[in-house]
Amino acid sequence: MTTADSRALAKRLLACLVGGLVLAVMWGPQEGSQNDYYFELRTSLGFPRVLIFLGIGVVVFLAMTFWPVLRPFLSRPGVWPFLSGLLAVLAGQTLMHWYDPLGDGKFGTVATAVSQTKGISALTSAYFGWLAWTELALVVVLCAVGIALRLRLAAWIGGALAVIAAVLTWYAQHSVVAKGGGIDHSLGWGAVVVGYLVIAFAAGVIALSDAQVATGRAFADRLLGWRPGLPLVIAGVVLGLLAFYVGRWFAPSSTQYNTDFGGLHAVFAPTALASWAMAYLSWAGWVLLPVAVVLAGIAAYLRSRPLAWVAAAVGTLAAIYTLATLYEFSKIAARVAPTFGSTWQNLGTGGWMACGAFLLLGGAGYVAATAESAPQQGSEEAATVSPAAPAQVADEARSRSFLTAPGAARSLVIATIAFALFYPPTATSFWQSVLVSEIGIYVLLAVGLNVVVGWAGLLDLGFIAFFAIGSYTTAYLTNSLPIHPPSWLVLPPLAAIPFAVVICLIAGVLLGAPTLRLRGDYLAIVTLGFGEIIRIIANNADAITNGSRGTAVDPSRGVNNVPHPSIHIGPLHITWGLNQLQYWYLLLVLVVIVVVLFRRLENSRLGRAWAAIREDEVAAQATGMNTFRVKLLAFAIGASTSGLAGVFFGSYIGFFTPDNFVLNNSILVVAYVVFGGMGSLPGAMAGAALLTWLPEFLKNQVPAPDRQMWIGAVVLLMMIFRPAGLLPARRRRIELSADHLEEASSAETIAVPSHVGGAV
Amino acid sequence: MSAPQPLLDVREIEVRYGAIRALKGVSFSVGAGEVVALLGANGAGKTTTQKTVSGMLRPVAGTIEFEGRRIDGTPAHKLVDLGICHVPEGRHVFPRMTVAENLDMGAFRFKQPDPADLERVLELFPRLKERYGQHSGTLSGGEQQMLAIGRALMGKPRLLLLDEPSMGLAPLIVAQIFDIVREINRSGVTVLLVEQNASQALSLADRGYVLETGDIVLEGAGRDLLADERVRAAYLGEEIAAS
Numbered sequence: 016m017t018t019a020d021s022r023a024l025a026k027r028l029l030a031c032l033v034g035g036l037v038l039a040v041m042w043g044p045q046e047g048s049q050n051d052y053y054f055e056l057r058t059s060l061g062f063p064r065v066l067i068f069l070g071i072g073v074v075v076f077l078a079m080t081f082w083p084v085l086r087p088f089l090s091r092p093g094v095w096p097f098l099s100g101l102l103a104v105l106a107g108q109t110l111m112h113w114y115d116p117l118g119d120g121k122f123g124t125v126a127t128a129v130s131q132t133k134g135i136s137a138l139t140s141a142y143f144g145w146l147a148w149t150e151l152a153l154v155v156v157l158c159a160v161g162i163a164l165r166l167r168l169a170a171w172i173g174g175a176l177a178v179i180a181a182v183l184t185w186y187a188q189h190s191v192v193a194k195g196g197g198i199d200h201s202l203g204w205g206a207v208v209v210g211y212l213v214i215a216f217a218a219g220v221i222a223l224s225d226a227q228v229a230t231g232r233a234f235a236d237r238l239l240g241w242r243p244g245l246p247l248v249i250a251g252v253v254l255g256l257l258a259f260y261v262g263r264w265f266a267p268s269s270t271q272y273n274t275d276f277g278g279l280h281a282v283f284a285p286t287a288l289a290s291w292a293m294a295y296l297s298w299a300g301w302v303l304l305p306v307a308v309v310l311a312g313i314a315a316y317l318r319s320r321p322l323a324w325v326a327a328a329v330g331t332l333a334a335i336y337t338l339a340t341l342y343e344f345s346k347i348a349a350r351v352a353p354t355f356g357s358t359w360q361n362l363g364t365g366g367w368m369a370c371g372a373f374l375l376l377g378g379a380g381y382v383a384a385t386a387e388s389a390p391q392q393g394s395e396e397a398a399t400v401s402p403a404a405p406a407q408v409a410d411e412a413r414s415r416s417f418l419t420a421p422g423a424a425r426s427l428v429i430a431t432i433a434f435a436l437f438y439p440p441t442a443t444s445f446w447q448s449v450l451v452s453e454i455g456i457y458v459l460l461a462v463g464l465n466v467v468v469g470w471a472g473l474l475d476l477g478f479i480a481f482f483a484i485g486s487y488t489t490a491y492l493t494n495s496l497p498i499h500p501p502s503w504l505v506l507p508p509l510a511a512i513p514f515a516v517v518i519c520l521i522a523g524v525l526l527g528a529p530t531l532r533l534r535g536d537y538l539a540i541v542t543l544g545f546g547e548i549i550r551i552i553a554n555n556a557d558a559i560t561n562g563s564r565g566t567a568v569d570p571s572r573g574v575n576n577v578p579h580p581s582i583h584i585g586p587l588h589i590t591w592g593l594n595q596l597q598y599w600y601l602l603l604v605l606v607v608i609v610v611v612l613f614r615r616l617e618n619s620r621l622g623r624a625w626a627a628i629r630e631d632e633v634a635a636q637a638t639g640m641n642t643f644r645v646k647l648l649a650f651a652i653g654a655s656t657s658g659l660a661g662v663f664f665g666s667y668i669g670f671f672t673p674d675n676f677v678l679n680n681s682i683l684v685v686a687y688v689v690f691g692g693m694g695s696l697p698g699a700m701a702g703a704a705l706l707t708w709l710p711e712f713l714k715n716q717v718p719a720p721d722r723q724m725w726i727g728a729v730v731l732l733m734m735i736f737r738p739a740g741l742l743p744a745r746r747r748r749i750e751l752s753a754d755h756l757e758e759a760s761s762a763e764t765i766a767v768p769s770h771v772g773g774a775v
Numbered sequence: 040m041s042a043p044q045p046l047l048d049v050r051e052i053e054v055r056y057g058a059i060r061a062l063k064g065v066s067f068s069v070g071a072g073e074v075v076a077l078l079g080a081n082g083a084g085k086t087t088t089q090k091t092v093s094g095m096l097r098p099v100a101g102t103i104e105f106e107g108r109r110i111d112g113t114p115a116h117k118l119v120d121l122g123i124c125h126v127p128e129g130r131h132v133f134p135r136m137t138v139a140e141n142l143d144m145g146a147f148r149f150k151q152p153d154p155a156d157l158e159r160v161l162e163l164f165p166r167l168k169e170r171y172g173q174h175s176g177t178l179s180g181g182e183q184q185m186l187a188i189g190r191a192l193m194g195k196p197r198l199l200l201l202d203e204p205s206m207g208l209a210p211l212i213v214a215q216i217f218d219i220v221r222e223i224n225r226s227g228v229t230v231l232l233v234e235q236n237a238s239q240a241l242s243l244a245d246r247g248y249v250l251e252t253g254d255i256v257l258e259g260a261g262r263d264l265l266a267d268e269r270v271r272a273a274y275l276g277e278e279i280a281a282s
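Just so you know, the sequences run in chain order D and S.
Under the numbering used here, think of the first position of the first sequence as 16, with each following residue one higher.
Under the numbering used here, think of the first position of the second sequence as 40, with each following residue one higher.
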């Protein structure tokens, strides 16, 4: 080995060890105190503890150094499923909840509680005491031996143990719930069970010989070769089975009546439940699931378009029927025993899961019905889609990955819709409020800023100012500020939407007109100043905005909280109150409207003009577009979206102050857009959702002062491994991956449009 | 030589960058169907002149007429609608768009690109046809220049402004590009060419003007200028300055 080599190795080892130390500090147990600033440092780098982290560093070093040796093992069949199963088990046993009524309800907490509880079965206490981890270690070692030495027996035993572990996990958790009672929606044990089953499957694959794997794979390909919609069918089946056999459908605060779908009929038989709902409980529910599954499955498998439409209709109707039934029996239960919780409040997770399952199955039908036809079309189809999409062609040719397969994008959208519709009711009230006040609002803001930053390429660091303008406009129009509108202009919050949108549009034009002649950094600084100006005006213009007191109730000045939204149109009366879910669905409607509009915008003439300006402003001008007006439009449209979010925010929260609109929030929105992938609508949404979710999720996982650091770490990793963002726009992806450029230059010569004749 | 009613008539235009007078009263005309070259050393005001004609800059004095209509001070995007298409210096293509998308953008002023135009551009530049689905950022310099010219042609120009099409290109490619410009001109497009490569430009141009620090110092037919000693000196001097 040359000295250069050994120096490089030494450098790498040093880097890995330092990385281990950083990790040790990050995983640091506690904050310091005023008297002892170095407490945390000492604890996190304390002697036996630091060895673990240095060990992690060494493992990483070895993995990097011996990567060429390891690589062939990683490509062995079964390794990836094994690793993902392992990840699921680890996540389940460290991060997720096992039993809700108990404090943070994680595995460790439950284990402690079990050890202190008498009269729990020996197997359960053993499981929580030592068996769970021992089992996991055993399974991992056996599978690793199976992989490394190709020892088939070890893999078989490992697989068998994994199955046993799955059963044990199920049993142990259920015996804890049986003993402890209470409402439990925890999923940690489920993740572990699924993880073990995946490991068992992987062990089976590992145990097979290469030839067997090859025939098995060929068979699976023939049987399951990609069919649009099929993944949704599978997801629907899993969710449906969980809904009808595991999930609790009725979970009032009295555990005596908690029941899954099987027991529901008995509970409601004596009540005056409408006959159609009764039919659902007694037989229709049982029948609908298999019918929907079989229809969607056959339609997707045979690629039969008419059948697929039928499946789509059946799935959707079944979801609606389920929803109506839920409403019906929940209402009756609430009437009979109001203490069990009001309508919608006394339900378990099962019903919502069933709705989701039916929606997925219906969606599978829809995807199968609308997918481009013919199976082996991958490359050929992509080449003819449009001559303007060679990147897709290259993608398609290189790897027919899950995400690029036909129908995959639609499937993901449908899964997202199902999740957005039916997950929130099952969430805890904490997560419901996070969904509305953090995730939802910031998704809307990110979608708006994406127009400015992502599409038109203008860095706007004062975006939150428009949000503030929207909020204050709403407050003014609902008569909640010291200055009052004329009485004919006093509006309910939702009616303020058009006004707020128009005012933000005007504000966007007013800010944009003088500043958009600036470029890049200069524009960023000016917008940053604008954001601060608006906040400071809101703070100081006491007579208009009530200053730093915001919209706190103050009868002497005629200031009020912004009223909650309400709709009164003809027979339709909806009043939003304190239930977070209502706001969530309102927000969902707003987001969907905005996203649908923006999608059209993206592909319009204006969208192309934005793309051109972002790429090269001089060239854009040379093609005869009014670049100034185009940029101004981007600014104004982004601002008006922010105004819409402001209306929602104002009337949702009721009381806000200028402190809600600080610079930090502007920067966060920019971060969400960049993180998600600039210029990509799904990216902006995913980025905002993930980065608003993460801090809330970390609240339970790491000490509060460490939270920002973890988020920083995630963002850093992201920028290293996915520099173009989470779900990058097509163009960005190309810009940032060098090998793709080479790929593209060799993969051209395609698809000159047919009307361009022969002459070469 | 020049047509009785010139297509483009520039009279005594003066352009300032702040306190600096970049053009000190430049006059010239371009007749319909001509190729006219603007020559000069770095900083002589060639590009400024062209940017003023294309509406990117506004003259403080003087007039510009296109087909007898005053166009000085008209913004660039409106001039494109009149048929004045500019190929800016330095090959400004949209790097993350494909060749196809770039050409489409060239026809931005129309609702739909004209298939006949596309066919003609791809005939003129077979290389673009080969690279049709490729991202233009991955093209070579010469191909990018071809694309920039092709994109301008998609806007159905009547007056094509070319700014230094030979910049940074290999001699072989330069010759190729000048051949294509000649062909474009033959198909009826008037060309106003800004060049440092005087010999190439003048062998192509019907007429030429030589700019020096914001003034026209010499004008004449292309062949005559090519033979002119002062032009040869300026041309050689520029070579020395550039090296």
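Certain hints may be false.
[Said to hold, decoys possible] Some chain S residues judged to face chain D by a derived CB distance under 7 angstroms, without partners named:
(1) Arg108
(2) Arg109
(3) Gly112
(4) Thr113
(5) Ala115
(6) His116
(7) Val119
(8) Phe133
(9) Met144
(10) Gly145
(11) Phe149
(12) Gln151
Simulated from the structure, these hints should not be mistaken for laboratory data.
Note that CB positions come from ideal geometry on N, CA and C, so glycine has one too.
- prompt: Tell me, which hint numbers fail for this structure?
  reply: 1, 2, 3, 4, 11 and 12
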